[in-house]
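Visitor: Residue numbers (the numbering used here), protein chains in the order written: chain X, 50 to 282; chain S, 50 to 282; chain D, 8 to 247.
None of these hints come from the bench; they were simulated from the model. Since this is a predicted model, take the numbers as computed values, not measurements. Treat the hints with care, as some may be off.
Quick list of in silico lysine to aspartate or glutamate cross-link-like pairs, DMTMM-like style, CA-CA up to 20 Å [to be verified]:
hint	chain 1	residue 1	chain 2	residue 2
1	D	Lys113	S	Glu132
2	D	Lys138	X	Glu188
3	S	Lys146	D	Asp147
4	S	Lys146	D	Glu112
5	D	Lys113	S	Glu141
6	X	Lys232	D	Asp147
7	D	Lys113	S	Glu110
8	S	Lys83	D	Glu142
9	X	Lys92	D	Asp190
10	D	Lys102	S	Glu172
11	D	Lys113	S	Glu66
12	X	Lys83	D	Asp129
13	D	Lys138	X	Glu141
14	D	Lys138	X	Asp184
15	S	Lys232	D	Glu131
16	S	Lys111	X	Glu66
17	S	Lys232	D	Asp109
18	S	Lys83	D	Glu131
19	X	Lys121	D	Asp129
20	X	Lys111	S	Glu66
21	S	Lys113	X	Glu141
22	D	Lys138	X	Glu142
23	X	Lys92	S	Asp133
24	S	Lys113	D	Glu123
25	S	Lys92	D	Asp147
26	X	Lys146	D	Asp129
27	S	Lys83	D	Glu123
28	D	Lys113	S	Glu212
29	S	Lys92	X	Glu141
Label pairs and their in silico Cβ distance ranges [what the hints assert, rightly or not]:
hint	chain 1	residue 1	chain 2	residue 2	range
30	S	Glu144	X	Asn100	32 to 38 Å
31	S	Phe94	D	Ile140	19 to 25 Å
32	X	Gly123	S	Phe94	26 to 32 Å
Quick reminder that beta carbons are idealized off the backbone N, C-alpha and C, glycines included.
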Amino acid sequence: MDQNTGQVIDDDNDIGEITGRNLRVLEALLFAAKEPLHLEEAKPFLSDGANIEDLAAQLSEKYKHSGVNLVKRGEAYAFRTAEDLGFLLRREETERKPLSRAALEIMAIIAYHQPVTRSEIEEVRGVATSKGTLDVLMEAGWVRMRGRRRTPGRPVTYGTTPEFLDHFGLEAITDLPGLNELKGTGLLSANLPPDFAVPAPNDGDLFDNEDPLDADDDGDDLLTELSQDDFDH
Amino acid sequence: MDQNTGQVIDDDNDIGEITGRNLRVLEALLFAAKEPLHLEEAKPFLSDGANIEDLAAQLSEKYKHSGVNLVKRGEAYAFRTAEDLGFLLRREETERKPLSRAALEIMAIIAYHQPVTRSEIEEVRGVATSKGTLDVLMEAGWVRMRGRRRTPGRPVTYGTTPEFLDHFGLEAITDLPGLNELKGTGLLSANLPPDFAVPAPNDGDLFDNEDPLDADDDGDDLLTELSQDDFDH
Amino acid sequence: MYVDVKGYEGPLDLLLDLARKQKVDLANISVLALAEQYLSFIDTIRERRIEVAADYLVMAAWLTFLKSRLMVPHEDDNDEPTGEEMAALLQFRLKRLEAMRDAAEKLINRPQLNREIFARGDPESVVTDRKNIWEATYFDLLRAYAVQRERQIPAEYAPKSRTVWSLQDAEDILRRLIGEGADWVPLHACLSQYLDLPEERITALASSFTASLEMVRQGQLELRQSKVFGPLMVRRKSVE
Chain X
50 MDQNTGQVID DDNDIGEITG RNLRVLEALL FAAKEPLHLE EAKPFLSDGA NIEDLAAQLS
110 EKYKHSGVNL VKRGEAYAFR TAEDLGFLLR REETERKPLS RAALEIMAII AYHQPVTRSE
170 IEEVRGVATS KGTLDVLMEA GWVRMRGRRR TPGRPVTYGT TPEFLDHFGL EAITDLPGLN
230 ELKGTGLLSA NLPPDFAVPA PNDGDLFDNE DPLDADDDGD DLLTELSQDD FDH
Chain S
50 MDQNTGQVID DDNDIGEITG RNLRVLEALL FAAKEPLHLE EAKPFLSDGA NIEDLAAQLS
110 EKYKHSGVNL VKRGEAYAFR TAEDLGFLLR REETERKPLS RAALEIMAII AYHQPVTRSE
170 IEEVRGVATS KGTLDVLMEA GWVRMRGRRR TPGRPVTYGT TPEFLDHFGL EAITDLPGLN
230 ELKGTGLLSA NLPPDFAVPA PNDGDLFDNE DPLDADDDGD DLLTELSQDD FDH
Chain D
8 MYVDVKGYEG PLDLLLDLAR KQKVDLANIS VLALAEQYLS FIDTIRERRI EVAADYLVMA
68 AWLTFLKSRL MVPHEDDNDE PTGEEMAALL QFRLKRLEAM RDAAEKLINR PQLNREIFAR
128 GDPESVVTDR KNIWEATYFD LLRAYAVQRE RQIPAEYAPK SRTVWSLQDA EDILRRLIGE
188 GADWVPLHAC LSQYLDLPEE RITALASSFT ASLEMVRQGQ LELRQSKVFG PLMVRRKSVE
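With the sequences and hints as input, model every part of the structure.
Guide: This is how it looks when you write it as C-alpha cells:
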C-alpha cells in the first residue's frame, strides 16, 4: 500500500491510507466502467468527503507515462491506450486487385498528357470520368492533384507521382515511349493521321498556366461548389 | 519514462528504454483487451528477443497494490479489478440465472475430476444426469467436451474451459479450493475402491486414453446413436 | 418422517441427509443404523402409496444385503465383498459426494467475474484498415493508352489505298504487252515500265505471274524457266 500512499503527502498515516484506498477504488471503477465515468458516479464508493477531482488528478499523474492514460472526455474520465501506442489497435489488411480498364485508361492519359484536367481526360477518352476512378488512382498513390489551371472554372490539374514511376519501373516520366516507339512495338498501328501526336509527358514543376493548390483545397469542382451555395441561399 | 525504467536494473540506458517501451506496449495490449491475452499474441509488437514472461512479471509487480491487478489465467494474462475490492464493487449478475444445486454439483465434479465421463459423474452423485444440466454448463462457457474415452461405447469426456478459470479467478486448475486436502483423502478417485495413485484434475491436453473429438461430433452418446439407427432400419 | 422423496437428488443424497442427522463425522457413522433408517424411510413412503423411483429401490435392496452381511458374516465366500468392505464403500461414496458439495460451495463463494471482479468495461477493440494494393503492369498501361488514342481517331480518315493489280487487270495488261509476238520474252522485261514504280512492283509481279499461270492453263501462253531463279520466259502460244 505504501507505494500509493507514498505519493500523498499526509501528516496522518490514517488519512494517507484512506486516500490510498480511495485511489484504488476510483482506479477500479474507471477500469470497469462501460463508458467514460462521471466522477459523481464514483462518490458512493469513496470515503465521505473525498476530494474526487484531486484523486482523478493523482491517477492521471500515475498513468502519465504508462501504456494507458487516464483521459478526460467531456466531463467524464476514461482509461485509453496512450496515443503514441495507437498503432497497437490498428491492423492493416491488404488486398491485391487489378486496376479496372477505365482506371488504367485514365492513368495512361494522365501520365502522357499531364498536367491534365478532368475535362481534358474526357476529351481524349470520349466518355465521362467518374470521380471514384480518379480517387482510386489517388488512393493507389499514382496520381496527384498538381494545381488549378488558370482558366474559367479553375479546374484541377492532375499529374503522376514518384510512386507511379516506382511502380511501373520508370526512371523518369520521359521514359514513356513516344509515338515511334509505340508504333514500333505494334501498340499503335502504322497508319495514323499525319496530325496524330503523342505528347511529351512532364511531371515536374507547375506550368505557367497552373496555380498551386491551397493547403486546404480538397480538389472539389469550384463550379459545383458555387451552385451548391446558390442552392442553399 | 523514468518511472517505468526505474524498476529495471540496466547498465545500458538503451536497454532500459527498450524494456520500458516493451512494458508500455504489453500494458496497453493487456489493458485494451477484455479477454485474457496469450503473451504470444503480444510478441509481434515487442522488440525482438524480449523476455515476455519477465515483462509480465514486472507488470504484475507494478500493479500489485493498485485497484487493478494483472492476473494469470491458465496460459493467459488479464487485468482485473483487485479481489479485495470485491465487497465494494459487488453487483448482482443480471444476465445469468443462478445455477441449480445439481448444476453446481456437476460443475464441481467436472472441475475436480476432469477428464470425466457422464457415467462417472453419475457414479459420484448416485443419480442420472440430465443432458440439459450439462448443456447449461456448456452454454455458460465453463464446461467443454474434451474428447472421447477410449473404452467401450467411447463416452464423451468433459472438462473445464479457460473461461471457467477466469470466472472463478483461478490461475490454474490446480488452484481449485481444497484440492490438496481432497487429493490427500483420496476422494478424487472415480473408481472404487479408492486408487492409491490419486488423480489430479487436468484441463489441458488429452489423456492417453482420450481421443480428440471430430469437428462435427455433437457429443451424442454413440450407443444412443446406434439404437436410433437400428430403429430407423 | 414426512419427507418427500422428491426433495432428494437420488438415493445417495437421501443417505447423506440421513447421515448428517446422526450429527457425527461420516468416518464414525454407524452404517448399520444408516441402512436401517434408509429402509424404514422407503417403507414409510411406500406405505403412503407414493411412487418411488427405481434407483431408490435398487439402493434399498443393496442396503438390505449390506445389513445381512454385517449381521451374519459369510466367511466362506471369498468372491463376495464382506459386510465391512461394503460399508467402507458406502462411506467412501458418501464422503466423496459431501466433498464435492463442499467444493461446489467453496467455488461459488469465490469472488466471481462480473460479480466481485471486473474486466475492462470498455475494451478498446482493434480497428482493421482495409487497404487495396492495385495491380497493373507497364504493358497494360501502354496498351490502354494506345487503344483509346486509336479509338478516338476520326472515322472519316481513310488511309491511302495501295495500288493492287487484280488478276483480271494483270491478265489484260499481260495480253496487251505480249501482243501477237510468238518470241520468248522475259516476263520482267515486258513489265519493266511498272516494276520501276516502287508502290506497284510487288503487286505487278505477283499478280502477273499468277495471271500467266492461269493463261497457261487456258492454253493462251507458254512459260519457260531454264534454271532455278533464272528469268521467266513467256510467249503467246501459237494457235494450231
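Visitor: Now look at each hint and say whether the structure bears it out.
Guide: Status of each hint after checking the structure:
no.	hint	result
1	Lys113(D) to Glu132(S)	16 Å, holds
2	Lys138(D) to Glu188(X)	9 Å, holds
3	Lys146(S) to Asp147(D)	64 Å, violated
4	Lys146(S) to Glu112(D)	17 Å, holds
5	Lys113(D) to Glu141(S)	18 Å, holds
6	Lys232(X) to Asp147(D)	16 Å, holds
7	Lys113(D) to Glu110(S)	28 Å, violated
8	Lys83(S) to Glu142(D)	39 Å, violated
9	Lys92(X) to Asp190(D)	130 Å, violated
10	Lys102(D) to Glu172(S)	13 Å, holds
11	Lys113(D) to Glu66(S)	45 Å, violated
12	Lys83(X) to Asp129(D)	5 Å, holds
13	Lys138(D) to Glu141(X)	7 Å, holds
14	Lys138(D) to Asp184(X)	13 Å, holds
15	Lys232(S) to Glu131(D)	42 Å, violated
16	Lys111(S) to Glu66(X)	19 Å, holds
17	Lys232(S) to Asp109(D)	14 Å, holds
18	Lys83(S) to Glu131(D)	8 Å, holds
19	Lys121(X) to Asp129(D)	15 Å, holds
20	Lys111(X) to Glu66(S)	19 Å, holds
21	Lys113(S) to Glu141(X)	35 Å, violated
22	Lys138(D) to Glu142(X)	6 Å, holds
23	Lys92(X) to Asp133(S)	19 Å, holds
24	Lys113(S) to Glu123(D)	18 Å, holds
25	Lys92(S) to Asp147(D)	41 Å, violated
26	Lys146(X) to Asp129(D)	36 Å, violated
27	Lys83(S) to Glu123(D)	16 Å, holds
28	Lys113(D) to Glu212(S)	18 Å, holds
29	Lys92(S) to Glu141(X)	17 Å, holds
30	Glu144(S) to Asn100(X): 32 to 38 Å	35 Å, holds
31	Phe94(S) to Ile140(D): 19 to 25 Å	23 Å, holds
32	Gly123(X) to Phe94(S): 26 to 32 Å	30 Å, holds
Consistency note: the structure conflicts with the earlier hints numbered 3, 7, 8, 9, 11, 15, 21, 25, 26.
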